[in-house]
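Combine both chains into one complex, guided by the hints.
Protein chains in written order, with the working numbering: chain A, -15 to 85; chain B, 76 to 433.
Quick caveat, the hints were computed from the structure, so don't treat them as lab data. Hints may be right or wrong, so weigh each one.
With the Cβ distance kept under 7 Å, some of the chain B side facing chain A (calculated, not the full set) [stated by the list, open to error]:
| id | residue |
| --- | --- |
| 1 | D203 |
| 2 | Y208 |
| 3 | G209 |
| 4 | F220 |
Keep in mind that this is a model prediction, so the values were computed, not measured. Built from N, CA and C at the ideal position, the CB exists for glycine as well.
One letter stands for each residue in the lines below.
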Amino acid sequence: MRIKEHPILNFEKGRKVKFYYNGQELEGYEGETIAAALHANGIRGMRESIRMHRPRGLFCNIGNCSSCLMIVNGKPNTRVCVEKLKEGMVVETQRGKGELK
Amino acid sequence: MRQTEICIIGGGPAGLTAALKAAALGAEVTLVDRNDYLGGQLIKQTHRFFGSKEQRASERGISIAKELADAVESNKKINVLKKATALGYYKDGVLLVEQDEKIIKIKPKKLIVATGGAEKTLLFPNNDLPGIYGAGAVQTLVNVFGVKPGNKVLMVGAGNIGVIVSYQLLQAGVEVAAIIEAAPQIGSYWVHASKVVRAGVPIYTRHTIKRAWGDTEVEGATIVELDDNWQPIEGSEKDLDVDVICLSVGLSPLTELLWQAGCQMKYVPELGGHVPLRNENLETTVPGIYTAGDAAGIEEASAAMMEGALAGINAAHSLGYDAPDLNKQKEKILMELTGLRSGPVGEKIRRGLAKVTC
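In isolation and in its complexed conformation, chain B is listed as follows (with noise of 0.2 Å):
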């Protein structure tokens, strides 16, 4: 059995950040993931970032995950377990991990769930054929692999990923044929949007997917305009030849060794679907367990890493480490996360956090 102080699991924005910041107030941390590199979704991330210069902005998510990654690969006080999937929490207090088909068993003081999220997919004829994408798993495909899904694409979803995974499917030669938006306007930032329609890409709002075409693989897809109420308005259908379809309809939390460990969950639309309920520290109704990140509710990776850096300093804290500007650093964070969620495009995710913060 190994002990730790404080366990994490996931090295996406809101592990790496948490770990560095416990590790920064002398907390010993003990950080685990399934993938064989750390950074998570960064990693795929070519786009520069908004916001202000505390949140990284105009930087590109790669070089934020390589930067947080070699810090955290070179802390001391940070143990870095890849390759190491988390299998359960007991009641007991410990962590079932398997790395290289073997078990290991870790029993931390604090546990951070930073697992992240995954797409969501979308009902309609065939959805299962070889040649449909979650967004994301396209812009994995092109970015860290340089390998193209097809030839000719439709994006499915015009919120920032399916927009902004459109532009990079343009920059790495591939036809972007439409983007259709079920809702009757863009979801994603304005400059982003007209990056891509100024490079020639139609977005039809109010339309969706009807069906996707093909035998083995995508061949089609026919695509129908709604009416107010949300309904295909029959005669509207329109046949794109495209060979990929790409799905942004959004990501859920990944909250399985949330549930598993008992912490009360709740159904939040507005976060992505069940979420722990959290205290404003992060804890989760089992006492000594924080989340953070896209598993405590969607949002960005900048919100991820200050969900990651306060679930860091209140772990550590919680073990009785400090530093005398510590409530500084927190009231920092929180102002800037308060700063980041305001404004129309935070409503959604202000409205969600409310149902859930205790």
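Chain A on its own, in the form it takes in the complex (with noise of 0.2 Å):
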């Protein structure tokens, strides 16, 4: 799902890292935005709705909206359309509002 050719863009990439999402190993460029390493790994779903756990995706893409609220290492409700992506990072599904433990 990357783009490989692009007639005006170039597209500055940071180094290959690997990353976890459910449990599975994936792959990113540090520096992209977990939801763009996400999506280029061809996932759409982020998180369930609270009340009704319907699936629920990326929607504005510059943290307004809370539609992609995810568990990033062990913390709930981590807008993945902005938060960086590192590596080792542990993405998970988050279903409900997330627990402070």
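This is the structure in structure tokens:
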């Protein structure tokens, strides 16, 4: 799902890193958002809605709408559209409001 | 408690221009932005701008963003706080900002709120499925990160954003099945619309989305034709095999801070929603709080930069900063703004602004 050629843009990528999505090992680039890395791996579902348990994904992609909240390194309610990917990150689907531990 | 002369919330086209103008007059500025970069939504705009040379016609948003951001970051009069979120503005004139999970208190003499806008959604069954995005969201994914949202897109809305993003999706190698528009005519500039039509993308006017299909993600959409009263015509439904639905149905101003600060607000559909009342200096009903850009009413980046310039000049001038050609500078910007808002394209904006400019 990555763009290979573009008439105007050159995409400068960071270091290739491994991260984990619901236990599955995936690759992405350091410095891109977690949401972009997930999309590049074909993953678009990010959390479950609180009451109806419906799948939710990215909507605004600029850190405003809260549609893409996930659990990142154990921290719930992380906006993955603005949180940058780092080596070894553990990213999980969020169900419910998240718990403070 | 940090003291500053002018605090600007938002580092997009309006905020950056405001900072540069205020600093040029001699004011000391603090610029707060919640992102880890400056430039706001300009950073994803790969198309060339219109208008006159003064309005940076034929430049791409991405290069304008870089130029403004570089100028701001290298300006010694401007202190930039990135990854910093403005949380509230209180009666004693203190602004609370969160950065790195710590609270910073700032007491500015003047505040410029240039917080921008947010994309609207649309009501239809399954509108919350993954694979349904704001058109600007997809623009960020594609143009900033080089990642595709899916393989085949239905674009809802044939205004400038819908049509421009459709073209940019084609440039990225993503198929656009159709652009639909509820109005009887295309809202975007013809030059953009003809580019996508030439590329083979059909634009269906008088059409809306009836529903999205899919279990865990978008797998398709049903569109329907509308009659003269904007009601769906039974039997005119068409199913489209798409895995992405982009909503380009307008933006609304991000005005939480202005509400919370007690600025008088008014619902003005022409400007995208609730916006602050303001005088000709772009000062709201709370003295010392100015506004500019999409937060003051949804327009385009060119208008945001001009409003930012005006707000920056006016805020600095109210602190006693002056320049021999200050009035000339202001007149020139006002003339450009009037030019930008002239003609049939600016009719809606003019009508909206007339309702909120006191």
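Quick rundown of the hints versus the structure:
1. D203: This hint holds: B/D203 lies near chain A, its Cβ roughly 6 Å from the closest one there, short of 7 Å.
2. Y208: holds, 6 Å
3. G209: Result: holds, 5 Å to nearest chain A Cβ.
4. F220: holds, 4 Å
Checked against the numbered hints above, the structure breaks none of them.
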